[in-house]
Every structure is written in structure tokens, then in C-alpha cells.
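Engineer: Here are the chains, one letter per residue:
Number of protein chains: 2
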Amino acid sequence: MFEKYYSDRIKKTPSSFIREILKVIQDPKIISFAGGLPNPISFPKDELKKSMDNITRDFGDKIYQYSTTLGLDSLRSQIAQRYKKIWNMDIGIDNIIITTGSQQALDLIGKAFINKDDVVMVEKPSYLGLLQAFCVYEAKFVQVKLNDDGLDIDELKRVLKNDKPKLSYLIPNFQNPTGLTYTLENRKKIFNETKNQDMLLIQDDPYGELRFENKPRIPYIGLNETDKNIYLGSFSKIVTPGMRLGYAIAHPNIIKMLETAKQASDLHSNIFSQYLISDYLKNNDLDLHIEKIKNLYKSQAYCMLDSMEKYFPKDVKFTHPEGGMFIWVTLPEGQSSLELFNKAIAKNVAFVPGDPFYVEERNVNTFRLNYTNADNENIIEGIKRLSEAMKEK
Amino acid sequence: MFEKYYSDRIKKTPSSFIREILKVIQDPKIISFAGGLPNPISFPKDELKKSMDNITRDFGDKIYQYSTTLGLDSLRSQIAQRYKKIWNMDIGIDNIIITTGSQQALDLIGKAFINKDDVVMVEKPSYLGLLQAFCVYEAKFVQVKLNDDGLDIDELKRVLKNDKPKLSYLIPNFQNPTGLTYTLENRKKIFNETKNQDMLLIQDDPYGELRFENKPRIPYIGLNETDKNIYLGSFSKIVTPGMRLGYAIAHPNIIKMLETAKQASDLHSNIFSQYLISDYLKNNDLDLHIEKIKNLYKSQAYCMLDSMEKYFPKDVKFTHPEGGMFIWVTLPEGQSSLELFNKAIAKNVAFVPGDPFYVEERNVNTFRLNYTNADNENIIEGIKRLSEAMKEK
Numbered sequence: 000m001f002e003k004y005y006s007d008r009i010k011k012t013p014s015s016f017i018r019e020i021l022k023v024i025q026d027p028k029i030i031s032f033a034g035g036l037p038n039p040i041s042f043p044k045d046e047l048k049k050s051m052d053n054i055t056r057d058f059g060d061k062i063y064q065y066s067t068t069l070g071l072d073s074l075r076s077q078i079a080q081r082y083k084k085i086w087n088m089d090i091g092i093d094n095i096i097i098t099t100g101s102q103q104a105l106d107l108i109g110k111a112f113i114n115k116d117d118v119v120m121v122e123k124p125s126y127l128g129l130l131q132a133f134c135v136y137e138a139k140f141v142q143v144k145l146n147d148d149g150l151d152i153d154e155l156k157r158v159l160k161n162d163k164p165k166l167s168y169l170i171p172n173f174q175n176p177t178g179l180t181y182t183l184e185n186r187k188k189i190f191n192e193t194k195n196q197d198m199l200l201i202q203d204d205p206y207g208e209l210r211f212e213n214k215p216r217i218p219y220i221g222l223n224e225t226d227k228n229i230y231l232g233s234f235s236k237i238v239t240p241g242m243r244l245g246y247a248i249a250h251p252n253i254i255k256m257l258e259t260a261k262q263a264s265d266l267h268s269n270i271f272s273q274y275l276i277s278d279y280l281k282n283n284d285l286d287l288h289i290e291k292i293k294n295l296y297k298s299q300a301y302c303m304l305d306s307m308e309k310y311f312p313k314d315v316k317f318t319h320p321e322g323g324m325f326i327w328v329t330l331p332e333g334q335s336s337l338e339l340f341n342k343a344i345a346k347n348v349a350f351v352p353g354d355p356f357y358v359e360e361r362n363v364n365t366f367r368l369n370y371t372n373a374d375n376e377n378i379i380e381g382i383k384r385l386s387e388a389m390k391e392k
Numbered sequence: 000m001f002e003k004y005y006s007d008r009i010k011k012t013p014s015s016f017i018r019e020i021l022k023v024i025q026d027p028k029i030i031s032f033a034g035g036l037p038n039p040i041s042f043p044k045d046e047l048k049k050s051m052d053n054i055t056r057d058f059g060d061k062i063y064q065y066s067t068t069l070g071l072d073s074l075r076s077q078i079a080q081r082y083k084k085i086w087n088m089d090i091g092i093d094n095i096i097i098t099t100g101s102q103q104a105l106d107l108i109g110k111a112f113i114n115k116d117d118v119v120m121v122e123k124p125s126y127l128g129l130l131q132a133f134c135v136y137e138a139k140f141v142q143v144k145l146n147d148d149g150l151d152i153d154e155l156k157r158v159l160k161n162d163k164p165k166l167s168y169l170i171p172n173f174q175n176p177t178g179l180t181y182t183l184e185n186r187k188k189i190f191n192e193t194k195n196q197d198m199l200l201i202q203d204d205p206y207g208e209l210r211f212e213n214k215p216r217i218p219y220i221g222l223n224e225t226d227k228n229i230y231l232g233s234f235s236k237i238v239t240p241g242m243r244l245g246y247a248i249a250h251p252n253i254i255k256m257l258e259t260a261k262q263a264s265d266l267h268s269n270i271f272s273q274y275l276i277s278d279y280l281k282n283n284d285l286d287l288h289i290e291k292i293k294n295l296y297k298s299q300a301y302c303m304l305d306s307m308e309k310y311f312p313k314d315v316k317f318t319h320p321e322g323g324m325f326i327w328v329t330l331p332e333g334q335s336s337l338e339l340f341n342k343a344i345a346k347n348v349a350f351v352p353g354d355p356f357y358v359e360e361r362n363v364n365t366f367r368l369n370y371t372n373a374d375n376e377n378i379i380e381g382i383k384r385l386s387e388a389m390k391e392k
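Chains as they are written, first to last, in numbering that gives the first Met the number 0: chain A, 0 to 392; chain B, 0 to 392.
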């Protein structure tokens, strides 16, 4: 009875498949590899409580009052310092806007930069939250195949030439959903192909800090070489997602447009949590905390990979992430991961079928596994059950 | 250099005039009646700190983890209970979505229900944050004059017939910017005129609890008589705005579309603050707290009104609010409140000129005063300065 009121954009926007799955699998009997949740034992609860005591004592009313749209200066300054230190980026607080989780950064970019039918280049497969966010602004997506070393350069060239994307969205580190990381060489090639293109390049990096293989960080595409990059980051995977704090780093003119978009969207992000995270960063060694998370996730990733080697049919392929939260599985040609999903649920184990990560393909033979939110015992048991589901006729 | 990337919608969206003004008047010498800030002495700081201690002790990881898009069940249930008690509304948690401040509810409604050039009926003058939020979705606004008793019914009839609005946005209690309240009779007339219209009616009510004149609450337009109403509420003016928690109440089918829009926008609102406010409501008497705020604002409102009676030129008119946060001033015909603004700033007193509250009119002779965020001494001094500015040639 309300259909006549719905906007065209919302009719086209898929409800998040993952969030629907998460509702289905509330049953505690189910071992879930479906979500993208950090392991709760990684939350620095005592330190955050200490920071609450600090800021309620030190900042009076400011932690409860309305605040500025761009975000708390001290937090923006801490972010700038971190990116200067790690990446030698020449940035200040004018390059940074705090967002309500990095999902909001995607919404704001959509608001500020996408007209109906504007072409947006994304990976194939891509983050479904991005597909959802930009679908709202009626973007036209083109997908470029992701290989083990990063974007497929031939496809990239073809898309740049034929489709002339206005925006591009990439997750170069421990990609969601595949867990793949672009090599340095691949990144250089991408920069060479894109640098003269009239295109803004978004690099979303929620997992970049979670490199558990002991190899050096790989610089962003076009780092310190272009003004057309938008870098997204988040405290969700390294401190706490519940506080909904992410950020975008870009040229001040881009930040200004995101600010206007944010005024209209939620005025500003929760200021209490901005003071909280700022105090946490001031009084704790974030790198030391990240080190603990990495050790935890490394053990969980290896446990899952080892179990997959041991139990999965040999014609099932999967990625070997060097960090982050996900493994991407490819079933033999012609098999459907949606069908496998139903069999798996019957055996009380869940994952995310590949379909929602693609713009067009359906009934694909790929799916996503998350290893960060289950203990090793459950990982082994879950993979066993999944293997049995695979072997069922 | 980035103009070519901007979306059409963001080019049309005005940056919030108020937020720009707030930047200008950081100077502590300036007495500001410009913002819409609650008085910080009204924040229940000790009680909120107590609730922090409670929830960090009782809820473990849940206050830091990802959560559901619709919001915390216990908080939604508390909201439902309150509306049942006050308004005898037959609602449950399926009728409620928690939003990142009630500004986000406006953004979500725009996302879910507005196509380019859809007609939206608003008051004249209207809340500028709404104009900004819906401008993003390229709504076509029609304004209906606001009289002392509410909407002008003749204009309303004409607009309903000629423009056939799909949505309507009203603030029936202590309206922003005018401070006016629709009478019961006016509300009944509006319901009679609109009930057979294919139109969703949004009633935004951030100030309704702040009725400091001792008269009974006036029911919403069409309360308990239609499924086409969307009610918006907020904890910003009665507990704390910094936590960014508002909500929408509507038919479950409407809530479902807002949920899809919210998934794409920020996944979910800060879950820590949802637990916090829920605990605060459980362990404190909100009505008792609101009583204190009302007494405070009553004294401030009367102080400002008395000063205005005493010092303003007699040909300057103004509203007499029975609650809320604002007084609306009308200068003699032909005078410009923008010009007065510049003179006032020179005398270190600030307000919001009327222009941004109108869709088309510019250089209007009206402006908004806020009395909640200054003490009585400053109110008297500020009104004196403003009167002097008015008398300047």
C-alpha cells in the first residue's frame, strides 16, 4: 500500500544480503563464517573505560553538545599525524572529515559526486556495501576482474577507454570479499593507466593495518602523486566498530563538498565517541594493540586455511590472504554457491554466497568466508561441516 | 579544479547558513542567539556517567560490536512505551527505527521517498536542515504560510489541489524557526484537508516535550487515524545532542524502506550510545529531568521577551512561544534582516537572518532568536545591543 511513495532509487537498492543472512543465522547452533565482525576479544575494553573516565572528567559539557560537521580537531590531527608518519603524506586537518563509520563516507561521496548513470568502476567482485551505497545514487557500475596480483590491466585499459568512469572504488589491501592484495607492480600499472584520466580514485582501506604476514606495507596507488585520490579509513577493525567512526582523506576542496553532504545527512558524527577515540589514541600505543589483533587473526586464518586444505574437495580453490578478515572460495565451474548455502545451513554452518558482490552475475560459484569471529575449535568444526555439504549430491 | 566531478544535487544544496554563522561567531566577545543549542547545564552528566559505568559492567562486548540497522530493541521498546503512554499509540518496535540524530531521519526519508521534482509541502518559513536534506534529493518545495494558529488553511487547500504534494513536512510544536504552535482546531482542519490526499505527512517534533507554559499537550495531526504519518523524535533537546540519537515512528512498511536506506548510509547508529540512553531512561525519571529543562527555558524565554518588549522599537513584532527554543522577529516592511545582521555583528551580537528558512524569498525582514544557550545577563545585554543596531540608520 506504500509502494506508490517509494523513490526509484530505493526500489533499485538491494537490502543488504549479509544483514539479511545475519538475521537468519541468529540460532546459536549455527557456526557462522558469514559476518564481517571483528573478534570481540580484540576490543580494548579496559582502555576505553579508562578513556571514558578521562573525558567525562576533563571535557565537561563538550562531549555531550552539538559539534562541528568536519569532526573533532584533535582526532583529525591524530589521523593526519599517523598518515604522515606511515606514508609521508603532506596533510593536515583540512584534508580530513570524520564520518559515521566508513560506510557513511561512501554515502557522502555518492551524494557529492554521482549523478544518475555516472559510470563507477569497481572490482569484480566488489564490496557489497559500496554497491548498495552507490546504487542509491543510481550509478552505472562497470566491474574489472580481480586477479591474484590485483586488477586485470587489460580489462582496466578497456574500461577506461570505453566507459570513461568518473569514479573508481578499489580496496587494494586484503580486499573484501576476496582477501586479495594488489602487488606493488600492479599498483604502479594502475596509476600509469589512470593518472591522466578524469577520474576520482577511492581507495578504501579498513583492513590495511591487519597485515599478519611479515611483509612490508605496500603504498597506495598514486600515493603523494595526485590530488584525485580519496583515501578511506576506519577505527572499526582496529579499535571498535560500535562507535561508528571512520574518515575520508582527500584534497580540501573534495572534503568541503563532503562536509556539505554531511551537514544534510546527520549534522555531525557522535562527538562523545570522537573524544573517546582521541583520548584512547593519546594514551595507548595503537600499534601494540594492532599487533595483538594481527597475531589473533593470523592464528584463525591459518586454522581455517589448514582445515580447508585438509577437508575441502581438491577441485575447490581458495585465496590465501596475508591479512584482513576474509577468504574467497571458488567451487568447480557450474556449481552454485547459493545451492551450497542451503545445504550448509541444514548442517548449521553459514557463509556469504558470492552473488551480492557482483553487479550482474547470478548463481555464481564463489563465496566468502570470514575467520575473525570464531574460535579455532569452531573454525575446524565449521569447515568440516561445510566440506560435507560440498560432497552432498 | 574539482567542479567537473560535483553532482548536480550537491551544486544545488546550500551549505548550512547557520553552521557557517557559527564558524564566524567563535569570538567569545559575541553574544550569540544564532545557534539552536540546548543549554549545556541541562545535560544530565552525572546520570550519564553512572549509565556508562552500568553498561560497561553489564553488557560486555555488545556495546562495542557491530549491531542491527533498526537499532537496539530495548531502546526502541522504551520509545514505543512512552508514545503509548502519552498518546495511546498502538505501536511496537517494528514501528521504530533509530537514526543518527533526527537529521538522519530526514535524509533517509529523502532517500526512500523522493524522486527528482517530487513536490514536498513545507511551512513558510521552514526548518533549514530539512530544506538542505531534501534539496539533496532534488525535491520541488512548495511553502504554505504559517499563521499564529498554524498553517494557513486557504493556502493549504490551494497547494493540495494544484501541486499535489507527495510528502509534507511540518513541525506542529514550537516550530523552528518561528516558535509557533498549531492549535488543536488548526490540526483538525489540516487532517480533514489531507486525509484523502495521496501524501505522507512527516511531523517533526524535537521540541514538543519542552512545553513550559502550563497547558496540555496538543495531539499530532491525524494521531491514531492514519497510516500515512511519519513521526520524528530526538533525544538531542531532552538528554544530549552529542550522542546523535533520534528516531522515526511509522507503519512497518515505511520503516522497512528507511532500514534499507540506512543500511546504505551508515549500517547502524552508534550502539554504545543506544545502550547508554536506554540505561539512562531505565534508571532515571525523564519527565522529572524535562521539568528542570522547562523551568530553565521558561525563565530564559521570559527574560528575552521582557527585554524585547522593553528595548525593541515598537514597530518590530515577535512571536511568544509556549515552549521550545526560538522566537521569530519581524522587522517593519522593507527592512532587511541580513543588513541588520551586519550591524549586529559590529555590536557583538548574533542571530540567524530569515533568508535560509525560505525557499525563494531573499532579503526578508524576519529573523530567528534562540534563548536557550545564554544566561539571563547575556540575554538582556544582547537584546539591548540588538535594539541599538535596529535604531542605527
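Worth flagging that the hints you see were computed from the coordinates, not collected in a lab. It is possible that part of the hints are untrue.
Heads up, the list lumps identical chains together, so a pair's fine if it works in one copy or across two of them.
[What the hints assert, rightly or not] Derived lysine-lysine pairs resembling PhoX-like cross-links, with alpha carbons at most 20 Å apart:
{"hint": "1", "residue 1": "K281", "residue 2": "K49"}
{"hint": "2", "residue 1": "K163", "residue 2": "K281"}
{"hint": "3", "residue 1": "K313", "residue 2": "K44"}
{"hint": "4", "residue 1": "K10", "residue 2": "K115"}
{"hint": "5", "residue 1": "K123", "residue 2": "K139"}
{"hint": "6", "residue 1": "K291", "residue 2": "K28"}
{"hint": "7", "residue 1": "K61", "residue 2": "K44"}
Engineer: Each hint needs a verdict: does it hold in this structure or not?
Structural biologist: Do the hints match the structure? See the list:
no., hint, result
1, K281 - K49, "within (12 Å within a copy, 24 Å between copies)"
2, K163 - K281, "neither (44 Å within a copy, 56 Å between copies)"
3, K313 - K44, "neither (42 Å within a copy, 61 Å between copies)"
4, K10 - K115, "both (14 Å within a copy, 14 Å between copies)"
5, K123 - K139, "within (14 Å within a copy, 38 Å between copies)"
6, K291 - K28, "neither (29 Å within a copy, 49 Å between copies)"
7, K61 - K44, "between (23 Å within a copy, 11 Å between copies)"
Violated hints for the displayed structure, listed by number in ascending order: 2, 3 and 6.
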